[in-house]
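**Q** Below, each chain spelled out in residue letters.
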Amino acid sequence: MASSIRLKTKIRDGVTTVRAIIRHPMETGFRIDSETNEFIPPHYINEIVIKHNGSVVITCDWSRAISKNPYLSFMFEGATIGDKVELSWTDNRNNVDSTETLIK
Amino acid sequence: MSLSSKKDSSKHGKQINMLRRDTLRYLAMGSITLISGLLKPISVLAKWNKAAFSSVDFDEAIVAYFPGQEIDESEQINIGVHSIVEDGAVVPVKVKTDLPNIESITIFVENNPNPLIASFNFTTNCVGFISTRIKMQNSSNIIAVVKSEGALFSTRKFIEVHEGGCG
Numbered sequence: 018m019a020s021s022i023r024l025k026t027k028i029r030d031g032v033t034t035v036r037a038i039i040r041h042p043m044e045t046g047f048r049i050d051s052e053t054n055e056f057i058p059p060h061y062i063n064e065i066v067i068k069h070n071g072s073v074v075i076t077c078d079w080s081r082a083i084s085k086n087p088y089l090s091f092m093f094e095g096a097t098i099g100d101k102v103e104l105s106w107t108d109n110r111n112n113v114d115s116t117e118t119l120i121k
Numbered sequence: 066m067s068l069s070s071k072k073d074s075s076k077h078g079k080q081i082n083m084l085r086r087d088t089l090r091y092l093a094m095g096s097i098t099l100i101s102g103l104l105k106p107i108s109v110l111a112k113w114n115k116a117a118f119s120s121v122d123f124d125e126a127i128v129a130y131f132p133g134q135e136i137d138e139s140e141q142i143n144i145g146v147h148s149i150v151e152d153g154a155v156v157p158v159k160v161k162t163d164l165p166n167i168e169s170i171t172i173f174v175e176n177n178p179n180p181l182i183a184s185f186n187f188t189t190n191c192v193g194f195i196s197t198r199i200k201m202q203n204s205s206n207i208i209a210v211v212k213s214e215g216a217l218f219s220t221r222k223f224i225e226v227h228e229g230g231c232g
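Protein sequences, first through last, are from chains H and P. Mapping to the numbering used here: the first sequence position 6 is 23, numbers consecutive. Mapping to the numbering used here: the second sequence position 83 is 148, numbers consecutive.
Think of the hints as simulated: they come from the structure by calculation, not from any bench. Note that this is a predicted model, so its numbers are computed, not measured. Be a bit skeptical, because a hint or two may be false.
Claimed, not checked - Cut-off 20 angstroms, straight-line C-alpha distance, at most; resulting in silico cross-link-like pairs (SDA-like, lysine to any residue):
#1 P:159 to H:88
#2 P:161 to H:88
#3 H:25 to P:198
Work out the full structure: start from the sequences and follow the hints.
**A** Listed below in structure tokens is the structure:
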């Protein structure tokens, strides 16, 4: 199966920009299924860890109020071309996925 | 030591026994915390704050997430978001700050069912910038709280939402 994560990095003047899009429903639990008339149970990513060459750069604690197919972008310093950036997520059903990319 | 204290059953001996029992109890408690710590998944740095995330009131969420800490208003934080939003299901939000040594950026939406939206915890070599997309149910203030050098700073911006994106 293809990865749920698209991870892109770009380095300019020593600052690396990381952009990620994750394929995930991010169900709040407030939505009603029009066929069964029941609430769709909550299903959302609540933890994200991003590492640079194995050491943590940023951790995110998320609620269900992050939009469907979440987008995340941030910047950090101290990386060079060819370094490894790794993103992993965990959702409230303990599903996990991760991917890694090399900085171009 | 324990034997002698049993024999004479003096006050002193009892005290030692109590002390020993307490020490054992604390040791046991310590090892339990240690083991549960080891069993935890990747989330070593920050624990998902369930109380704060499930809180339905903005003030409660702030207190649960930043217990006993003062938050000052700051003009050095910029929330980049359109002031009128058509679709509350996808609201692009950028938070930028010039404050030094950012430790975290936390986003709240005052009128959402759960006001705490997301928290981003940085290591020292991060730039004070975050960009994501959030859901908003009603027109509301967006509040960004930035932790810089151990102190908390916040700024807010009112957003008009035409169609809610939570239900």
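**Q** Indicate, hint by hint, whether the structure satisfies it.
**A** Going through the hints against the structure:
1. Restraint check: the Cα-Cα separation between residue 159 of chain P and residue 88 of chain H comes to about 11 angstroms, which is no more than 20 angstroms; the hinted pair holds.
2. Only pairs whose Cα atoms come within 20 angstroms are accepted, and residue 161 of chain P paired with residue 88 of chain H is accepted, the gap being roughly 16 angstroms.
3. Using a Cα cut-off of 20 angstroms, the hinted pair residue 25 of chain H and residue 198 of chain P holds, with the two alpha carbons roughly 17 angstroms apart.
In terms of the numbered hints stated before, the structure departs from none.
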